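S.K.: For reference, the chains in residue letters:
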Amino acid sequence: MNDTSAKLLDILQNDFPVESRPFLTISRELGITEEEVLNLVGTLKKEGYIRRMGAVFNSKKLGYKGTLCAMKVPREQIREVSETVNAFTEITHNYLRTHEFNMWFTITAASPDRIKEIIREIKEETGIEKIVQLNSLKSFKLKVQFDVGGISHAK
Amino acid sequence: MLNSLDKDIIRKLQEDLPLVKEPYRKLAEDLGISEEKLMERLEDFKKQGILKRVGAVLRHRKVGYKANAMVVWDIPREKVDQAAKVMITYPMLSHCYEREKTEEWPYNMYTMIHCESTEECKEIISDIMNQIGKYDYTILYSTDELKKTSVKYFTETN
Chain A
1 MNDTSAKLLD
11 ILQNDFPVES
21 RPFLTISREL
31 GITEEEVLNL
41 VGTLKKEGYI
51 RRMGAVFNSK
61 KLGYKGTLCA
71 MKVPREQIRE
81 VSETVNAFTE
91 ITHNYLRTHE
101 FNMWFTITAA
111 SPDRIKEIIR
121 EIKEETGIEK
131 IVQLNSLKSF
141 KLKVQFDVGG
151 ISHAK
Chain B
1 MLNSLDKDII
11 RKLQEDLPLV
21 KEPYRKLAED
31 LGISEEKLME
41 RLEDFKKQGI
51 LKRVGAVLRH
61 RKVGYKANAM
71 VVWDIPREKV
81 DQAAKVMITY
91 PMLSHCYERE
101 KTEEWPYNMY
111 TMIHCESTEE
121 CKEIISDIMN
131 QIGKYDYTIL
141 YSTDELKKTS
151 VKYFTETN
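In the order they appear, the protein sequences are chains A and B. Each residue of the first sequence is one higher than the one before, counting from 1 in my numbering. Each residue of the second sequence is one higher than the one before, counting from 1 in my numbering.
Be aware that a few hints might be false.
To be verified - Here are the simulated DSBU-like cross-link-like pairs (lysine-lysine), alpha carbons at most 35 Å apart as the crow flies:
1) 12/B - 45/A
2) 141/A - 45/A
3) 134/B - 60/A
4) 79/B - 7/A
5) 141/A - 26/B
6) 21/B - 116/A
7) 46/B - 61/A
8) 130/A - 26/B
9) 65/A - 47/B
10) 47/B - 45/A
11) 134/B - 45/A
12) 85/B - 37/B
13) 45/A - 79/B
14) 116/A - 143/A
15) 141/A - 147/B
16) 101/B - 66/B
17) 72/A - 46/B
18) 130/A - 141/A
19) 66/B - 37/B
20) 130/A - 45/A
21) 61/A - 66/B
22) 46/A - 130/A
23) 47/B - 116/A
24) 61/A - 85/B
25) 147/B - 72/A
26) 7/A - 101/B
27) 147/B - 46/B
28) 147/B - 45/A
29) 7/A - 134/B
30) 138/A - 21/B
31) 148/B - 141/A
As the list claims (entries may be wrong) - Pairwise CB distance ranges, derived in the manner of DEER restraints:
32) 138/B - 14/A: 36 to 44 Å
33) 32/A - 102/B: 49 to 57 Å
34) 11/B - 43/A: 41 to 49 Å
35) 82/B - 36/A: 31 to 39 Å
36) 124/A - 123/B: 41 to 49 Å
37) 125/A - 104/B: 34 to 42 Å
38) 48/B - 45/A: 24 to 32 Å
39) 43/A - 104/B: 43 to 51 Å
FYI, nobody ran anything at the bench for these hints, they're computed from the structure. As the structure is a computational prediction, the values presented were derived from the model and not from experiment. Quick reminder that beta carbons are idealized off the backbone N, C-alpha and C, glycines included.
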């Protein structure tokens with residue numbers, strides 16, 4: 001990745017303008033044309049650097065409830081269990097991690113009852129009886145933007 | 001309270017932004033409203049804190065962060081605020097939360113640390129502990145991303 005791409009990714013993450021010609025504003029900052037910015041964004045999406053371009057909303061303010069869940073999944077069941085878990089649109093993140101509790105997923109749903117229902121359904125479908133639910137008490141930092149310009153790109 | 005237009009806008013804006021010169025005009029056309037009206041609603045959403053930002057969500061593994069660690073800590077409640085103050089100063093630390101403990105899970109603080117190597121993660125942890133004191137902690141590296149999407153608001157099932 002070259003410097004222009006890295007700089008563009010930083011701009012796109014942090015302050016994508018809410019104005020009529022956002023790509024024009026960005027192009028001036030980068031010293032390239034508006035068309036070049038659009039093409040570059042398309043390329044970065046195609047290459048997989050950008051997962052999505054769009055709005056990020058505050059789920060709490062929209063009345064949604066979230067929680068973090070962990071479960072112990074035997075190695076041979078991982079695939080099957082992750083299919084069950086991932087099928088819920090309310091489950092947005094699911095990771096395998098290096099721990100006895102190896103599957104970690106987040107639920108963001110319209111109500112606490114819906115969260116309970118999802119957990120119950122996962123237990124029923126997978127036969128795994130224990131799902132630890134870790135409710136948030138306080139949030140100190142939530143920064144999903146990554147400093148791309150600051151990381152050294154070997155290739 | 002959100003009215004039905006607001007919900008339409010939120011549903012629309014959680015899709016991919018069209019890659020055209022005037023993306024908001026295109027979205028407004030799809031919604032059957034003027035670009036000005038859309039901008040006005042977005043500004044209002046921002047003011048209310050409903051809209052956090054418009055922009056790109058990256059695949060962090062792809063952009064070079066190979067070691068993504070969830071570090072969980074057992075820190076007494078009365079020390080949590082103080083510890084968080086130190087933790088959030090690290091740019092490589094993206095999330096910092098306090099959560100309820102459970103019988104099976106004796107940790108209450110959660111930090112996500114994104115590094116180029118596991119050594120770098122460990123350095124950050126020991127650096128943090130030099131400032132906040134020693135506490136029990138565990139590092140859980142992510143080995144597989146099984147799912148990562150965005151929340152879909154106001155859809156039929158959700």
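S.K.: For each hint given before, does the structure comply? Return the numbers of the non-compliant ones in rising order.
M.R.: 4, 6, 8, 11, 12, 13, 17, 19, 20, 22, 26, 29, 30, 32, 34, 35, 37
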